[in-house]
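So the sequences go chain by chain: A and B.
Numbers in the working numbering are just positions in the first sequence, counted from 1, shifted up by 38.
Numbers in the working numbering are just positions in the second sequence, counted from 1, shifted up by 38.
For the record, the hints were derived by calculation from the structure and aren't laboratory data.
Please note that a few of the clues may not be correct.
Intra- or inter-copy, both count: the list cannot distinguish identical chains.
Stated by the list, open to error - Derived EDC-like pairs: lysine to aspartate or glutamate, alpha-carbon spacing no greater than 20 Å straight-line: (1) Lys633 - Asp611; (2) Lys501 - Asp652; (3) Lys286 - Glu556; (4) Lys638 - Asp611; (5) Lys567 - Asp505; (6) Lys636 - Glu506; (7) Lys636 - Asp652.
All values derive from a computational prediction rather than experimental measurement.
Number of protein chains: 2
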Amino acid sequence: MFSRFRRFLIGKPLKSSALKGEKLGILWGLPILSSDAISSVAYAGQEMLIVLLPAIGVLAFGQMTILSACIIGLLFLLVASYRQTIDCYPTGGGAFIVAKENLGAIPGMVAGAALAVDYILTVAVSISSGVEQVTSAFGFIKPYTVPFAIALVVLLMLGNLRGIRESSKLFGIPAYAFIFGMFALVIYGTIKLAGGYQPTAPDLDPVAPLKTITILLMLKAFASGCTALTGVEAVSNAVPNFRDPATKHAKTVLLLLAIIILLLFGGTSVLATQYQVVPGDNGAMLILMAKEIFGQGFMYYYITGTTFIILILAANTAYAGFPMLIAVMSKERFAPKQLSHRGDKLSFDNGIIVLSAVSILLIAAFRANVSHLIGLYAVGVFISFTLSQSGMFVRWRRTRERNWKWKAAINGFGAVITGIVVLIIAVAKFTEGSWIVVVLIPMLVFLINKVYIHYMATQAQLKINEDEFAKFDFSKKSYINRIIVPIEHVNRSSVRALRYANMICDNVTAFHVAMDEESAKALQRDFAKLNTTIPLVVKFSPYRKVVDPLLRFISSAEYDYKEGDMITVLMPDIEPRRRWQNILHSRTRLYVERKLLKHKHIVVSAMPLQLRDDKAFLKSVNQGKGHTKEAKSKEGKSKH
Amino acid sequence: MFSRFRRFLIGKPLKSSALKGEKLGILWGLPILSSDAISSVAYAGQEMLIVLLPAIGVLAFGQMTILSACIIGLLFLLVASYRQTIDCYPTGGGAFIVAKENLGAIPGMVAGAALAVDYILTVAVSISSGVEQVTSAFGFIKPYTVPFAIALVVLLMLGNLRGIRESSKLFGIPAYAFIFGMFALVIYGTIKLAGGYQPTAPDLDPVAPLKTITILLMLKAFASGCTALTGVEAVSNAVPNFRDPATKHAKTVLLLLAIIILLLFGGTSVLATQYQVVPGDNGAMLILMAKEIFGQGFMYYYITGTTFIILILAANTAYAGFPMLIAVMSKERFAPKQLSHRGDKLSFDNGIIVLSAVSILLIAAFRANVSHLIGLYAVGVFISFTLSQSGMFVRWRRTRERNWKWKAAINGFGAVITGIVVLIIAVAKFTEGSWIVVVLIPMLVFLINKVYIHYMATQAQLKINEDEFAKFDFSKKSYINRIIVPIEHVNRSSVRALRYANMICDNVTAFHVAMDEESAKALQRDFAKLNTTIPLVVKFSPYRKVVDPLLRFISSAEYDYKEGDMITVLMPDIEPRRRWQNILHSRTRLYVERKLLKHKHIVVSAMPLQLRDDKAFLKSVNQGKGHTKEAKSKEGKSKH
């Protein structure tokens, strides 16, 4: 039933060979991979104003224009830098792979941790901002902000579990619709001003303009604005998602993306300055602007709707990037390897689920408040920018390809600038949440390192050297095998196991752990009735332990175990027909198995008796075979 | 680390033989088993007033006296009845056993379900009421009502996991302190009135007295008051907890209990009438009375403290009774048998944990509000009273012992009266919560019946008839054994398994499920290097399934499986040194095992390679054995 429900939600499984067909071209690659960066138009400018306005009032608008110009400059530096990366790393992995290959394992872990944190925050911030847009236009939804946001994450999760291509088509068209809406807003807003339109004057604190513009204030606003650049790396991370020629497609998408951001982020920033919009409790910046420019007609709702949807798509960017990043990290043994397994629909199911779960936690903890979440955002992504470009710089110095000095200069300059931005964000936003990330990333690196060491150690222990292959001795009788069958009762299950053991081995012992004298005697009586020479050993366990007496017996002189012998512990059990019935039977077998398998001379075998369906039993009872009364009268003397 | 923490919380394990020493005498048996009934003084009367006062104002006090008298009459009927039960059932089990033995399996299930529900509500109501007493005296705690209540349940759980006798001594003395405090309250309150003291007149709605006293109103108040009688059955359920002569001790405790309730419940009811106390938002009845009678001095805080503690003890009654009931039901195969296993401290750990978990859920759902919880209470216990006494009635008619007619009359009369009370409570409180219990009990009975049938069917399938024991054929070669070793890679783990398989069996096949051509070829190349004649079978699985290809291979002509042969599937695996490392390895083995064990011709064996600690690996690397560089350069080609 559960699996049928699952099938209904995420569709039929796909063959591994279907993987090739799931790739993206420019047309769909642009919306699905760049919507994170594009959508930041909806919050980056607004969050700058939210920092500046309460402190310096109407002066905020002038400062915002300056800061926006800086941020756009930074954007083009990043794009130039990442286009070089795409050329060198057509198999994807972005900052993580670049840092790891050129700077070493630990910087790779830092980049991976930073990117992972960034993706999670992309989901939390984008979804929260999307909900904010909607509640700005439809106030009655406001009380349901948090559940609404969580429901959206769940929908995204299900959509992505259904597979990559379906997602891109489903989510592609509205991204273009948003871009069109924003252009319309910027163009019509400019025409309206040119036509002599006088915007409503904002209701600002008249004392505020007298306050001075402090450096810290500007840095805080700049840090908020830098969130406009998150998502740029998604394209270079996801090069393998593109159709061939993948690098060319990816580079084109990255350039298109930069141009669109320039026009939209720049345009809306200038417009917000002209219209003197005051975002906050009364609504989101874009929605307030749309109201002022278009009035509450069709275009107002169009802007609200498309902005909402592009923000959902931005979250979806993370759904494309995060599982891929984790899978790449997992292949480098920086994360549990289950995270690199593709699910039924060829998407990385585990990564998708982890991303959703952590985002939901963040949204719940921060009550889906964008201004509160923004403090955590951008630190991670700028750390990864810095490491990625440092890595590229080191790479150029090493490879000395054609034009390497020029290329190294671009990446080196990028590394220095983004490194400075990391410090700015970490310090300016420290008390507003960036401390969480500053603490979290080293913790993640510690864990990643633990995982890495374990996998390396495991590999070293499993690996067979070339000269060893032929040396393993497959001849018979190089050691002796013995079987112990732990039995709880003499019943069809344990007798079946004893017979099987007797057949495959000449050295079989039946073993019983008794809690009291009576039950031990009853068992010995029943066992004696069997026509077998298998010896029965009974041990008492006053503390009701099961495994310890067995291990003690094995190492005792009584059992005469010789170093090198193998012991198979063959466990009789019962296997219920239906899954829920498992809770009616003790899981002793699994518990014992886990304990015994710590010992290298012990092999554990399971041989359960498969039960028939209960209905078959009820039927035989109802057919009056006389079992009922007998069974009922013996209720107290259960045998299993 | 976890197990050490657990040890710190619940103490050292006890031997099974220590069970005898954990029994109770009258001195400790009275407080630990009767505190439920005694403590209802704190809420039964108060909840009657809360029903009556808003409807009929000052008239409520007169009606309450009448209803209290009825309830005390009912109490003595129950005590007479249960004393007869204790005589007949010295091994305990109370209503459940009596109903099951005399009325049949289904009435037994109903009684068991009803009692279980009652115990859970005892915890929820008593703890909530205890917290209410404290918040009446210390208002600043009120905002923390729910977390406070939950913390108390957790403390009780830990206390009970530590074992029976420790609990009784820990909880025994304050129960006597409460009884003393209540006597002091009743006596000094009466003296004060006799001395001419004029109580503060209550601030009651002057219109209310004009309203009529409806039958439904009286029944609702009566239903609330009946909660005073919950807990009476605890004594007869727990007869085996008493020191020998157990029945005599139990009967004495039951009688003492009834006398104490008569004095306390009767006394406080009369006193509340005289002092015209109005419980509700301004505080609990007992605390308001104590304030009026003693003033806010020592005795006021003494009453608050001891009332609080007796209510906690009442919850503890359920901790003594519920796990015992569940264990008895479990022995009758009416509940999962794990619930009848004693833990390290000889208490029934699982029952204790279930009781705590469900009570916490109830407390959280009803915000620890006694008046809301009370609607669910008492239905369950009166159902069990009715079934228990009906069972006794049937029993007397069957056994026809000396004086059977007189005894049957007592039980029969009790059954009729308590049956009527069930109807009264269910109907009068239907909309106030009793519907939940009315729905829940049939659902529980349905589940219990499912469990019962499964155990009966299992037993029938496991049981060996006397004439069959000697007939089992233990001779060699009655069938053939074959081994399949599923391998993922050729590494030390799989080679070890192959060698072992080769040694114990002449028919071994290595089996590989390949996801793609490349990895299949790499595996075949490695396998060919081994000096063995074991055949390797490779199957492709486009849907990345593991078990299906194996089962298909087994049933294919290629494998030549013959009906009756046994197949051992020997699974190589790795066993990490530390527990957390398990999450770094896929649990494929357990998954495959679960699927394969559905087939009766398959035995599953596990033979993991035990890994060394990662630190040993790091050390060997640091000692410069040259492993590091080699390992690092081959990162991409993991073998496991």
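(request) Determine which of the earlier numbered hints do not hold for this structure and return their numbers in increasing order. (result) Hints 3 and 6 not satisfied by this model.
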